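Generate coordinates for the entire structure from the input sequences, incorporating the hints supplied.
For the protein sequence lines, the chains are A and B, in the order given.
With positions in the first sequence counted from 1, the corresponding number in this note's numbering is that position plus 1385.
With positions in the second sequence counted from 1, the corresponding number in this note's numbering is that position plus 31.
Keep in mind that the hints were calculated from the coordinates and are not lab data.
It is possible that some hints are incorrect.
Just the calculated beta-carbon pair ranges, DEER-fashion [to be verified]: (1) A/1488 to B/90: 37 to 43 Å; (2) B/59 to A/1388: 32 to 38 Å; (3) B/136 to A/1390: 27 to 33 Å; (4) A/1425 to B/90: 25 to 31 Å; (5) A/1396 to B/136: 29 to 35 Å; (6) A/1469 to B/134: 16 to 22 Å; (7) B/134 to A/1447: 26 to 32 Å; (8) B/44 to A/1428: 35 to 41 Å; (9) A/1450 to B/42: 17 to 23 Å; (10) A/1450 to B/137: 36 to 42 Å; (11) B/108 to A/1506: 46 to 52 Å.
Predicted model only: the values in this text are computed from it and were never measured.
Even for Gly, the Cβ is constructed at its ideal location relative to N, Cα and C.
Listed here are the chains, written in short residue letters.
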Amino acid sequence: EVQLLESGGGLVKPGGSLTLSCTASGFRFSSESMNWVRQAPGKGLEWVSSISGRSDYIYYADSVKGRFTISRDNAKKSLFLQLNSLSVEDTAVYYCASHECGPGSCYFPYWGQGVLVTVSS
Amino acid sequence: DIQMTQSPSSLSASVGDRVTIACRASQSISSYLNWYQQRPGKPPKLLIYAASTLQRGVPSRFSGSGSGAVFTLTISGLQPEDFATYYCQQTNSNPTTFGGGTRVEIK
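If you want it as structure tokens, here you go:
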């Protein structure tokens, strides 16, 4: 059974930093690209960042570029997101999601339960 | 970035109804279109990928169609557990983008 478990969320002041973690099990973690997707309270889904299996391809949304850093440790089957220079607009539930591609599309088949990041003074 | 527009943003329906949700891309995305269901307080769940392929374990009352820039998700025979918010997602080009969501409520 595939499981993704996020941790590291919490309350942080504007301008502060936080590191989120996602621990994976049940699939070949090192072979799969991974993503972070966030959802502000009462709002829709926003893709944040993705990283390939060997960390050779990394992408960020414009809204977080230069402030967030995605990384992974395949030996520990873990995905990370370092959040710096946080603002109230970054308040959201952050999900890690796996990434697969097949004929005709790429998609996010598995998601963690999410971790809440609240940025407030 | 490719903009994804869903309609309607919300709808009310009864158990047993047939429901159709539309998703339009700002440019052609071939079949790189996925649908997710999200219940309150839960993560999104993949329903359909590649516009019309049902994810393993998803009931056959869910179906998807379309290609290019116009897509639909149909629920044939709405069940109580289907009341949720549905999102489309394009993965044709970076960054991947989601539609704004369609909330399906009980009439």
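Going down the list of hints, with the structure as the test:
1. A/1488 to B/90: 37 to 43 Å: Violated, since residue 1488 of chain A and residue 90 of chain B (Cβ atoms, about 23 Å apart) do not stay within the stated range.
2. B/59 to A/1388: 32 to 38 Å: holds (36 Å)
3. B/136 to A/1390: 27 to 33 Å: holds (31 Å)
4. A/1425 to B/90: 25 to 31 Å: This hint holds: roughly 30 Å between Cβ atoms.
5. A/1396 to B/136: 29 to 35 Å: The hint (29 to 35 Å, Cβ to Cβ) holds, given that residue 1396 of chain A and residue 136 of chain B are roughly 32 Å apart.
6. A/1469 to B/134: 16 to 22 Å: For residue 1469 of chain A and residue 134 of chain B the Cβ distance comes to about 34 Å; the hint is violated.
7. B/134 to A/1447: 26 to 32 Å: holds (27 Å)
8. B/44 to A/1428: 35 to 41 Å: With a Cβ separation near 23 Å, residue 44 of chain B and residue 1428 of chain A fall outside 35 to 41 Å, so the hint is violated.
9. A/1450 to B/42: 17 to 23 Å: 36 Å Cβ-Cβ, so the 17 to 23 Å window is violated.
10. A/1450 to B/137: 36 to 42 Å: holds (41 Å)
11. B/108 to A/1506: 46 to 52 Å: About 49 Å separates the Cβ atoms of residue 108 of chain B and residue 1506 of chain A, which means 46 to 52 Å holds.
Consistency with the previously given hints fails for numbers 1, 6, 8 and 9, ordered from lowest to highest.
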